[in-house]
Every structure is written in C-alpha cells, then in structure tokens.
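In the order they appear, the protein sequences are chains A and B.
By the working numbering, the letter at position 14 of the first sequence is numbered 34, and the numbering carries on one by one without gaps.
By the working numbering, the letter at position 109 of the second sequence is numbered 136, and the numbering carries on one by one without gaps.
A portion of the hints provided could be inaccurate.
[To be verified] Listed next, the in silico DSSO-like pairs over lysine-lysine satisfying Cα-Cα at most 30 angstroms (straight line):
#1 Lys114/B / Lys316/A
#2 Lys164/B / Lys114/B
#3 Lys130/A / Lys846/A
#4 Lys114/B / Lys196/B
#5 Lys226/B / Lys316/A
#6 Lys196/B / Lys164/B
#7 Lys450/A / Lys809/A
#8 Lys196/B / Lys23/A
#9 Lys27/A / Lys164/B
#10 Lys114/B / Lys27/A
#11 Lys180/A / Lys226/B
#12 Lys809/A / Lys180/A
#13 Lys153/B / Lys226/B
#14 Lys74/A / Lys316/A
#15 Lys27/A / Lys196/B
#16 Lys114/B / Lys23/A
#17 Lys316/A / Lys846/A
#18 Lys27/A / Lys156/B
#19 Lys33/A / Lys23/A
#20 Lys164/B / Lys23/A
Hints listed in this document are in silico derivations from the structure and should not be mistaken for laboratory results.
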Amino acid sequence: MWKVTIKGLLARKLRVALTAIAIVLGVTFVSGTLILTDTLHSTFNSLFTSIYAKIDFQVRSDAQFNTKGISAIRNPIDESLLTTIERIPGVEAADGQVGGYAQYVAPDGKPVTTGGAATLGLNFDSNQQISELRLISGSAPTAANDVVMDAGTASKYDFKVGEQVRILLAGPPRTFTITGIATFGSSGNLAGTTLAAFTLPTAQQVLDEPGQFDNINIVTTPGADKAAVQSAIAKVLPPGVQVVTGQTVVSEDTSSVDQILSIFNTALLVFAFIALFVGGFTILNTFSIIVGQRTKELALLRVVGASRRQVFRAVLGEAAIMGLVSSLIGIGLGALTALGIEALLRGFGTTLPSAPLVFGARTVIVGLAVGIGVTVISAISPARRAVRIPPIAAITERPAEGTTQSRRRLIGGSVLALIGLIALALGLAKPAILLVAIGAVFIFIATAILAASLASPLSSLIGRPLARGVPGKLGRENSMRNPRRTAQTASALMVGMALVSVVAVFGASLSKSTTSSVDNAISANLLLTSSNGAAQVSSTVPAIAAAVPGVTAEATAYQGQFEVRGDVESLTSVPPDNLAATVTVHFTAGGVGALASGELLIDTTTATNDHLAVGETVPVDFARTGPTTMRIGGIFQSNALIGSYLTGNAFFLAHFTNPSPAAILLATNGSTAVTSAVTKALAAYPNVQVQTRAQFEQAQAASINTLLGLVYALLALAIIIALIGIVNTLMLSVFERTREIGLLRAVGMQRRQIRRMIRSEAVILSIFGAILGIIIGTALGIALVQSLKPGISVVVVPASSLVIFLVISGVLGLLAATWPSRRAAKLDILAAIATT
Amino acid sequence: MSLIDHDKQTAPAAQAVDLQKTYGSGQTAVHALAGINVTFQRAQFTAVMGPSGSGKSTLMHCMAGLDRPTSGHALVGGQDISRLDDKGLTRLRRDSIGFIFQSFNLVPTLTAEENITLPADLAGHKVDKEWLGYLTKQLGIADRLSHRPSEMSGGQQQRVACARAMINKPDLIFADEPTGNLDSNASAEMLGFLRRSVKELSQSVVMVTHDPRGAAYADRVVFLADGHLAGEMENPTQDTILERMRTMGA
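Based on the sequences and whatever the hints tell you, model everything.
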C-alpha cells in the first residue's frame, strides 16, 4: 500500500510541491525563530559567564520590592564597605563597581546611538581578574577628565587616543580626553552597549553619588574555602546588603535576557502559527480535490481488496510524507533565515560576540511535529471522504456529490461559531490571550464551514459586474459550481485578511487614542523628551529651557517605579505651579492642591477597579526611602499619557535620587522663533528632542505605524500562503475541466477568452475571501479595542484601508490566475477532448 | 431455504436467490433486478447476456459485493454476502473474488507487476512468486512487468488486469465486458485464456457480455431481460446464441 502512496505523490509532484510550500514556509518560520532565540540565549549566557568567570562573589544591596520584571531595583552601597571586605582572610581582590548613563557625542554633533542597547558609563578597573576591559592602546584614566573608550565606538567614529570627546550624562554634559581604547573581552563592546570608563571618583560623581558603589566584586585567594569566605563576608555586611556568588549573578542576568527573548520568541511564533493555520486550509483544499479526482482509483483499490482503513492510511500517509519532507526543508531554510537575521542584526551595529548557531534538538522536534501535525490534521477530513467512496464508483459514473450534508454543516458551523464567540468573549473580558486566540481559531473554522452555504449567492453577487461577456459569465458559474471548494479556497485568504483587518482597526484606534490622550493631557506648545530610548535628559535642561526668552511657563514631569498596595506601578509627577499652561488634568474629585501637598492622585479606572476614594490612605514603598503611606488627594480622568498614579514634583524628588526628567513641557508666546531659540539653547544636549505638540503627536503615530508595518509584513506570509492555495485550486480545476475547456475551444472560444474565464473565477474567489475576512476582522478588531478601554479610548474603523485591502485582494487574485489561465489557454483542443 | 447449499465444499461458486434490486421509489422506481434465481457452478465458465438495461451489470455488482441488493440473497461459496458488513465485503473482494473490467482499471502510477501483486500486498500476503511467474508466462506479459499501464497496449493492460484478478487464487472471477475495449485478436487471446483457466485450473468465471462471439467461449450462457432470467443454454456456439437472441427479441 505504501507503494501506492509514494508513487501517487511522485505522480503529482507539482501539486504536492505547491501545497508543500505552505508547510515549508510555516516550518521555516518556526525553526528560524527557535534557532535564533536559542543562539541569542547561548550568546548572552556565554557573554555573562565570561564577565563573571573569575569573580567568586558579589556584594550588593537587596532587591527592592517584589520586582518580577526585567531587572531588580537595587540601592547603592557605601564605599567604606570595600576596605572592610578587603581585610577578610581569603579575599584576594575586591573592587567597587559604578555604572550609569554616559552617551558619547559623535564628531558630527549627534549622539552615538546603539540601536536599542544601553550607553554605559563605568569606573575603569585595572584588575584583569575583575574587569573584562582590555586596553588595546593608550593607558588607564588618571585625571578627572580622562576616559577610556570602547574599541567598537572608537573604530566606528574614528576616535583616537589623545582626542577630546563630549559625553552626555545625567547631569550636565562634559568633555573628556580619550586616554585609552579598550576591548571588552575579545569584542569591540558589550553586545552593542557602548562603554565609557572613567576614574573611580569621576564615575561616582557623574554616574552615581560620591562615596557610593553599585556593588563590590570579589575574587578569593586560590585554595581558600569559598563557603567560609562567603559567610565571613556576610557577617560584616550591614542589614539590607547581601553577598551572592558570581554564578548567581550570571543566571540572574541570563534569565532577564531570556525574559526578553521569550517575548520576542512568542511574538514570532504567533505569526508562524498564523502562517501554518492558513497553510492548513490550503492543504485541506488540495487533498479534497485530489481525493475527488482520484475517486476511480481509490474505488478500484477498494474493489481489489483494500479495506477502509487502508484507504484512510494511504491518504494520511501521503500527507505525512509531504509533511515530513516539507518540515525537513523548512528546518533547513529556518537555519539559513536565522543566519540571515543574525547578519542583519550585525549590520545594524549590534556587535554580538560571535557564536555558532545553536541547532537544538528542540528545533528539529518542534519543526517536525508542527509540520507533520498540521499536514496530517488538515488531511483528515479529505481522508474520511476518501473512505466513504463506494467500491462501485470504480465502474459506474460516480453519483453526484451529496448536498444532503449542508444541514449538518450549518449546525456544525453554528455550534463552532458559538463556542468561538464564547471563548472570545471570556478571553477579552479576563483578559486571557490564549482564550482569545482559541476563540478566533474557532470562529475562523466555523466561517470556513459556513462559507460553503454563502459561496453560491455571494459569488453570484460578486461576479455580477464580471458577467457581461461569456468568459466572465462562465467564470462566475464555475465559482458557484462547487461551493464547498470555493469556500475552502477563499477561507485561507479570509483568515489572512481578517487578521490584517484586526491589525488595521487596532492600529487606527491606537493611533487616534494616542493623539487624543496627548491633546487631552498637554496644553504646552513645546515638548522636550529624550531622542531615543537609551538616552536620559540631563537634569540641567529644564532650567536652560525655562530661561529662553518667549517661554512663558515650564513644567518638568518625572516618572518612576514605586510599590502601591503591593503592586509595582509607574508613578508620574508634575509640578503644581505652571500646571494650567502646560498640563491638563481633568479632576473628577480633589484638585491641584493635592499635588502641592504631596498626596497621591489616581485615575478614574483605578479608583473604580480598586474601590478607592479621596481621603483614603494607601501603603506605598520607594526603593530609596522605604515604605510609607500616601493619602489619596484626588481622582482624574484616565489618560494613557499620564498613567494611573500622579503626584507633585516635591514629593517625587524627595523619594527618588537624581531622577532624569521624563518630559519637559514649555508654554511659549506662540512664536515659532521661540522653538528655534529653545533648540539653539539646547545645542549641547543632542540627546534632547524639541517638538511642538503636533510634531510629538506625529512622532507617536509614526512609531505606531512602524510597528504596524512590521506586523503587516509578518502577516504577508499568511496572505502569500493563501494565494498559493488559490493558484493550486485553479490549477486543479483547470486540470479537472480539461475536456470542458477543450470543448469550449472547439466551439470557438479564443485563448484570450479562456484566460479571462479563469481570471474571473480567481477574482471572485479572492474577493469572496476578502469580504468575509474584512467583515470578521473588523468585528474582531472592534471587540479587541473595546476590551482594551481605557488604554485605547476610541474605536476607529479605517474604512479607506479596508477598501484598499479589498482591492489588493482582487489584484492578488488576478496575479494568482496568471499561471493557471495560461495553462488552460495552452491546452491542445484534440488532446483535451480525447482525455477521459 | 432448501434451495441454498451452505456447505463451503459442495456449494456452487455463486448463487442468486430471489435477488431484487430497485433504484428509486414509488412512481419512479426502477426494478433493475426483479427477483432473480440463478446458480453459477464451480469450474465453469458462465456468460451473462442481455440487452442494455436487462440488469446483467446490476446482477454482477450484487453478486460481487459491490452493490447491495434490495432484497433476496447473494451467495458466494455458500456465504450470504448480502449480510456482510463493509469489513466482510472487503475481505471477500480481496480473498475470494477477482475482477476484470472493460476499461482495465489499472493504477496508472504502478508498474504492471505492482498492479498484479496489489491485492496480495493489500492483504499482507507474501506474493507466491511461482504463481506470479506462471500467470505472467501464460498471459505473455512476463517481459512487460516493469512497464507502466500507459506504456502498454490495451490487450496487454487487460492481461495484467487478468493476472491481478487471479493472483490471490479467488473462488470466482467476475469479468465485466472484458473485451469491450479490445480488438478481435486481443479479444480472442483474452477469452482463450479465461477458458483455459477454467479447464486447466478449475477456475470459476462469470462474464457479462453482449458479444455472442465472446459468449461462445463459455460453458453456459444465462440470458437476462428486464431484470428477469430469460433462459439459459449449455455449450453454446455463436450461432445458437444468435438464434436465441433473435427469438428473444421477437
């Protein structure tokens, strides 16, 4: 029986290959993602391991509150602890570490950017056991204005030893002399992070606080009893300070990188799953058609003694082999893709330590399981239909495909749709993403099932404008002829278009909400913010900006993490004075007075959800100053820009040390000259961007659009797979209707008209899928946005985008018809008629 | 039910008892078989004749387990196959019955040899190499075994189908217009082989045909008309058959 299966596959190479592309692409996506994240994990793990290779212990303060997030918040420790530790027997070397924001300014006056990585300042440590910095030229910093630059930055911007370089800091920017250039271990820099190494006093002054260390790294004497040394160190530590092994720090750092990687991983796998899901429809459809075309052959197998089970296994066997081969190709392509993406990251300037691709067993197992699984599961329904073929079909003309199932289909589809809607509603209410996804999958499958009932009337409607000539009319008839096939083919595109529509609705709503939250919260004319994520606005900027003539009012906003009622939240602060001209807070209870008196203001959503009212007192905790309580002094209208918790600057500055301004808001006399005057006054701070409110809104919208573009690009894969499905179906129908097409040609239809007939069918198919998809996607998008209120405050249905999607679908349908229509037009009339 | 002999050893090769097959219902009902009683003896070559619509194909389909009778019994080797479930029918077709079709019906992707051994492969039997060699030699296709159906003439394809029908040494072979698509030479060879297999190997063969020349190769001819048995004839010749058909037509 295997012979029949394998030879059957070989005989249909082209069709199998077309169908297999869907699986190949999906598996490529899955395995590429896994290989890339595995590789990045091992890269970072080995990087951290090499940093802490020789360090036995680290002394640091305890983590503040229960931060489960990316990295724990820790306070600095007093430098006097160092001499105490150095005196402990068994300690060979100990050194205090200081780190913070320090961003180089390139020779062109722009800040040196890293593409997302940090710009780190630290103290230069000549002890090679403790520091990974290796001078490749020049010498260690000795004077207050000396700096050692990382080799990566030096070579990229052509800095030499002895030259001057400006460095942007949390305080005022300063100019330093490059005394040396160093590598980090063997790399140019620390995985993309630029490094500026100062003398210890300078580092403490510009990065942290004088007399303080972030932590102390310790190397023990060879042969010393490490456990004894650790407990000896622990004995001398004041409360709130701990000693941990270097290995602990490595695993903490690795796991915080892993958290980011896992988000990245999940996001990519979601799109891989979507591609495979759409691919599943294509496979289902192809196998259905193949089973239909092989009715006689399968019936013959039954006549000569094949059992139902053998026929079932023959069809599923084909699927399994196809899945296996496609998965293997996909895994191979996945490795290539991962290589490509890694090269791309390097191209963006992220200098990762070179590490070989990690090709884990998990990648192969998951790739094979997913590829074979999707193919086989999709082939189950066609295989069951194959089993139902009676043996007598081998001899007699097969009775017409029963339409008696349409009622069962209607009931089954409705039940699935109901389950989907319930899961979706529960998932959105909770919110539980997995439930939402399951709900969406059910709705898609239900639509695909129910679409068969819609296919005939809707195709007829869509085809009406095309039906003026005979070819268009025939194309329309063809698309109505087998509603089930039309529905299955269109379903793949339906899923793709639905997701695109969800994203469009979500994006438009988010964009609009962001703009309106800016409009609602900000009355200032000018906004000063950091020019990129890594940059910090210097604490000297507000005063400089406020002094510019024409600036009528200035307000600096801060943001920081605090713990309120046991949860880590973000706290925003604004000054009570000048508020009216710069920031608009819509109070529903309490007022500006609460800002001045250092009380906590909460937004209406938090007040409602947590049942809090003005006058109540809540427990809070700050990293530097410890636990205390705050009185709720006011409630304001929810606004995404302000956040849920607000207080006055005086209170904020008392509980956070040297915070960097989150934004500086300026009210001006309205003249455009003021904008350029402010920009000019801040020329020394290239990491600060000066924007009018409109520019700020545009920038926010632009960054949302960038993200949307990325999502569209990832969804494009699903659309491509759906198109391959349409090509495949058309090819099969052309093949199936060889006689009919031959007859049409024989009675005088021109090649051009044949092509038009096939193209009409393709356009109807794709528009049908697109209409279903856009309707469902828009509905899902609205539901999604509604559930995200008040984070997203307005629902926007981008009608123009949706119309564009519809038009694109039609064009893509035309494109998909190119090859099948040419094939149909080329059929030899005599041969076509002679074919049985 | 004294008519029916259930003993596997002595039972006739196949037997139809009050066999009825009705398509549709009510006004539009068509009685393809209107209660037929007929017996096909072992080691005998029986031809079933009759005009189009006489029910000869339906009779064969019901006797071979391809179609279910509306009422009555279809017995093969004493076993009432109208009561078998799908699994039973599958086993029956695989092990006890061989088929030869008008349009050959070979699997186009398999070679001649793979087509011949397909029933044995499906059953999971080891192919009897000696038997395969004998069959292919007798049929004159021993040198064609690695060819695909598309690379063979109609006569050759039908001989492959014939070998396929016999590979599992079935109790009974059903041939449905086996010469319908063959030229006269190939037809004569095919019919000659079927006849030899009855004489030399005691094979039981039932052949549906409307060709008197073909039917003359049979030991016995059964005539059908309008779903009824319309007579039979032992040791027919082409002339006696034609004579009978004339009188039936009149």
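Taking the hints in turn, this is what the structure says about them:
Only pairs whose Cα atoms come within 30 angstroms are accepted, and lysine 114/B paired with lysine 316/A is accepted, the gap being roughly 20 angstroms. Proximity of lysine 164/B to lysine 114/B is assessed by CA-CA distance (about 34 angstroms); at most 30 angstroms being required, the pair is judged violated. With a C-alpha separation of about 62 angstroms, the suggested pairing of lysine 130/A with lysine 846/A is violated against the 30 angstroms cut-off. Taking the CA atoms of lysine 114/B and lysine 196/B, the gap is near 20 angstroms; set against the 30 angstroms cutoff, the hint holds.
As the CA atoms of lysine 226/B and lysine 316/A are separated by approximately 33 angstroms, the hinted pair breaks the 30 angstroms bound. Simply put, lysine 196/B and lysine 164/B have alpha-carbon atoms about 16 angstroms apart, close enough for the 30 angstroms limit, and the pair holds. This hinted pair checks out: lysine 450/A and lysine 809/A have alpha carbons roughly 13 angstroms apart, not beyond 30 angstroms. A distance of roughly 22 angstroms separates the Cα atoms of lysine 196/B and lysine 23/A; the hinted pair therefore holds under the 30 angstroms criterion.
Simply put, lysine 27/A and lysine 164/B have alpha-carbon atoms about 26 angstroms apart, close enough for the 30 angstroms limit, and the pair holds. Between lysine 114/B and lysine 27/A, the direct Cα distance comes to roughly 26 angstroms. Compliance with the 30 angstroms bound is thereby established for this hinted pair. Taken as a hint, the lysine 180/A and lysine 226/B pair is broken in the structure, with Cα atoms around 106 angstroms apart against an allowance of 30 angstroms. Using a Cα cut-off of 30 angstroms, the hinted pair lysine 809/A and lysine 180/A is violated, with the two alpha carbons roughly 54 angstroms apart.
At roughly 27 angstroms between alpha-carbon atoms, lysine 153/B and lysine 226/B fall within 30 angstroms of each other, so this suggested pair holds. Between lysine 74/A and lysine 316/A, the direct Cα distance comes to roughly 74 angstroms. Violation of the 30 angstroms bound is thereby established for this hinted pair. Restraint check: the Cα-Cα separation between lysine 27/A and lysine 196/B comes to about 26 angstroms, which is no more than 30 angstroms; the hinted pair holds. Using a Cα cut-off of 30 angstroms, the hinted pair lysine 114/B and lysine 23/A holds, with the two alpha carbons roughly 22 angstroms apart.
The suggested pairing of lysine 316/A with lysine 846/A holds, with an alpha-carbon distance near 27 angstroms, which does not exceed 30 angstroms. Proposed proximity of lysine 27/A and lysine 156/B is supported: the alpha carbons are some 23 angstroms apart, at most 30 angstroms. Simply put, lysine 33/A and lysine 23/A have alpha-carbon atoms about 15 angstroms apart, close enough for the 30 angstroms limit, and the pair holds. Restraint check for lysine 164/B and lysine 23/A: satisfied, since their Cα atoms lie roughly 24 angstroms apart, inside the 30 angstroms limit.
Figure legend: structure checked against the earlier numbered hints; hints not met, in rising order: 2, 3, 5, 11, 12 and 14.
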